[in-house]
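Enquirer: Here is what each chain is made of, one letter per residue.
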Amino acid sequence: MTVTPSYLGGVRRLRDWLLTRDHKRIAILYLVSITVFFFVGALAIALVRLELFTPEGDVLTAETYNKAFSVHGILMVWFFLIPSIPATLGNFLIPLMIGARDLAFPRLNLLSWYIYTLGGAFTLYALLAGGVDTGWTFYTPYSTFFSNSHVFAAAAGVFVVGFSSILTGLNIVVTVHTLRTRGMHWFRLPLFVWALYATSAILLLATPVLAMTLVLMASERLFGVGIFDPALGGDPLLFQHLFWFYSHPAVYIMILPAMGVASEVITCFSRNPIFGYRMMAYAILAIALIGFMVWGHHMFTSGQSMYAGMVFSLLSFLVAIPSAIKVFNWTATLYRGEIHFDAPMIYALGFVGLFLIGGLTGLFLAALALDVHLTDTYFVISHFHYIMVGGSVMAYIGGIHFWWPKITGRRYPEFWARFAALLMFFGFNLTFFPQYILGYLGMPRRVHEYAPEFSVLNVLSSAGASLLAVAYILPLFYLGWSLRKGRRATANPWNATGLEWRTSSPPPPLNFAEQLPEVSEGPYAYDPDPQRGHL
Amino acid sequence: MKGWNWFPAGASHWAGGYDTLFFFMLALSGIAAVAVITTAVGFMFRYHHRRRVHRLGTASFQRILEYSWIGIPLLLFIVVFLWAANLYADLFFPPAGAMPVYITGKQWMWKIQHANGRREYDELHVPAGRPVVLVLTSEDVIHSLSLPALRIKRDVVPGRYTKIWFQADRPGSYHLFCAEYCGASHARMTGRLVVLPPDRFAAWLGEGEIPSLARAGEALFRQHGCSGCHGANASVRAPPLEGVFGKPVALSDGTTVVADERYIRDSILLPRKEVVGGYEPIMPSFRGQLSEAEIFKLIAYVKSLGEVPTP
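Protein chains in written order, with the numbering used here: chain A, 1 to 535; chain B, 536 to 846.
Careful: at least some of the hints might be erroneous.
[Claimed, not checked] Think about it this way: if two alpha-carbon atoms lie no more than 20 Å apart in a straight line, the pair counts; the simulated SDA-like pairs of lysine to any residue are:
hint : chain 1 : residue 1 : chain 2 : residue 2
1    : B       : Lys-808   : A       : Pro-230
2    : B       : Lys-808   : A       : Ala-308
3    : B       : Lys-698   : A       : Ile-227
4    : B       : Lys-808   : A       : Met-299
5    : B       : Lys-646   : B       : Lys-782
6    : B       : Lys-808   : A       : Ala-231
7    : B       : Lys-698   : A       : Gly-226
8    : B       : Lys-698   : A       : Gln-304
9    : B       : Lys-646   : B       : Lys-808
10   : B       : Lys-698   : A       : Trp-17
11   : B       : Lys-782   : B       : Phe-628
12   : B       : Lys-698   : A       : Met-310
13   : B       : Lys-698   : B       : Met-634
14   : B       : Lys-698   : A       : Ala-308
15   : B       : Lys-698   : B       : Ile-745
16   : B       : Lys-808   : A       : Met-306
17   : B       : Lys-808   : A       : Arg-445
18   : B       : Lys-698   : A       : Val-459
19   : B       : Lys-646   : B       : Glu-674
These are calculated hints, taken from the structure and not from any lab test.
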């Protein structure tokens, strides 16, 4: 095999990274940045879980506790989860998967990373200057008139980082429309590309609403313009409507890419085509579309009208249908497969299991009467962590492992990767399952002290969190080790289909050595080995 | 037992209905989860790459499978939706004659006023076996009154009234939480719901010499000069308030509203918003001059104006 130069090679000056227009290098820049924010956000929640180890407020003051969970939410949602898969794996893989040399707008791509960094700087400033205590939801009028913390700086950070989301979304949408290689029809796209395409559409349409909402909030806070505060003739529920109009679709921004990763990994390690490819693609689009019409289910007890509640409840049940289809189809993909339990597969199966539980408990919250008791309790906390952490983060880390040989040209140590995946799965369940029970018992969220009868379940949850912390730190070590000491990876170590595996590992700067590949069949043309099968 | 609790106390009929639906959902989703997980795990063993099994071809009845796992969940979802929506709607229609309790949330306490003028803080006493409707508002930020033993909660929003009703059946003392994050001492904005047998509640309510809420409202009505226009011998022409509560009012823009708590509150604070037909919009606003607790008193007074005195 001739040695092709890789995108990692060549001149290794810092400016070749900071001024790069190569989508693969930008993906690495994002990977490093979001990892930093992930661990800052994780540190904040470690303090929270430490405080909740006992019913009394004994480790942190109430103010510090409130700032800790606020920073956790703000960093994890906007600086980790939303960019996680789209800006790293999406950035890296979309051009490779559709047979292109780069994204449609390489400069915008680099700009989006700088905007992300600027937004991060604002938020870190807010954190260092003394923190923000509104929760990630910034509910008015608390955020506009009552909080004495650095609301403006934090909101400015979120406002700014939104533009990096918009640019990434725009770039992916245009790339998928215009840069598919010959023969890559829409229904030959890998589901990862479908998922990122739908995600990007949501990023483009929903993020501006968040930006406007934050501007309105800031103008009320800074200039006393009456929009949300009833003392100025405003309506605090208007803020909630606007906020959730963005933030509910944002949940799908976080979960759809994870679904894309799972589809790639599960097919590869069961050596089977995806079950019901078209239905899977339609389900992605349906989730993205209906996801825009369910925001009111966050407001069943807020004072929204009963009839609005009914409409939002029904639509929330509807959006569960395509999610259910996906879980069933992944399960059916295993049928008559040839299943290998490499680490990415363990992560992906863990994702499906946790997403299933998160989805089913979501139905409790969509059911109007049940939500009345469960909303604003730990039941909700547990539900959305099953989706966003159990689901999205498992899939994200699984995806990092799956494409690690492609990204770095090295193999990671399989034993440690499997160990971390299993530990993450068990640690996650130990952390969050008790929280469902706490929620049903009525323990409210965002409290640093709680009634003594909740303590056993909280101790279990904090114990699980410490396992989870180990499971998140482990990959830093063994993946870092593999960068220098890992075995060299071949072009296609998993024997996977997909154009990204048809080029060298790591890929050359322009992705494909000479000619762009051509496509003549659908994705996932796997065949279980007939030698093994057929008795 | 200290530190250990698996099941929250249930103190109302509605809470019983709630638990029935909750456990129905739990069974339903439990069955779904177990079915999917056992199928998946079964496949993982059966089709493990080291096993020699038949692997050629995929399921031939793909269409039927796909339609069935769209159709069956959809049907189940509709059942659950209707059941839950029906139960939810109950909360919006308090029975006539429900006992009103006026609650103001404030960083970080609950101020509770009973109709007879009895006040309490962070403790809500109610009689067993009688419907109670809570009228809620906030002096500052959004709070949420959570009563887990009744399986209910309602956000307490500044600038508007929210309501929720219940009928507690089982005397006892239960948690009362603020469920909406409201600032530094949110965690300590807790209290107790005390459900008393009717006779003990009546005794509790009658303790001490206090003017009723309506009487207190009447005093405010004079003190702030409302009687100068709305009173019987007033020189200025203003709409009479006798019997207006709960009745439709024709407004000057041709629409009609029901004179409920919200309407009275808005008329005091935003008098030009909904002017009664045939009257000049000359009433001044009392914004900033009255606390939420005082407005509750004025509402109780206006309410009492329509009541036929019991002999």
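Enquirer: Looking at the structure, which of the earlier hints fail to hold?
Expert: As far as the earlier hints go, 2, 3, 4, 5, 7, 9, 10, 15, 16, 17 and 18 are violated by this structure, in ascending order.
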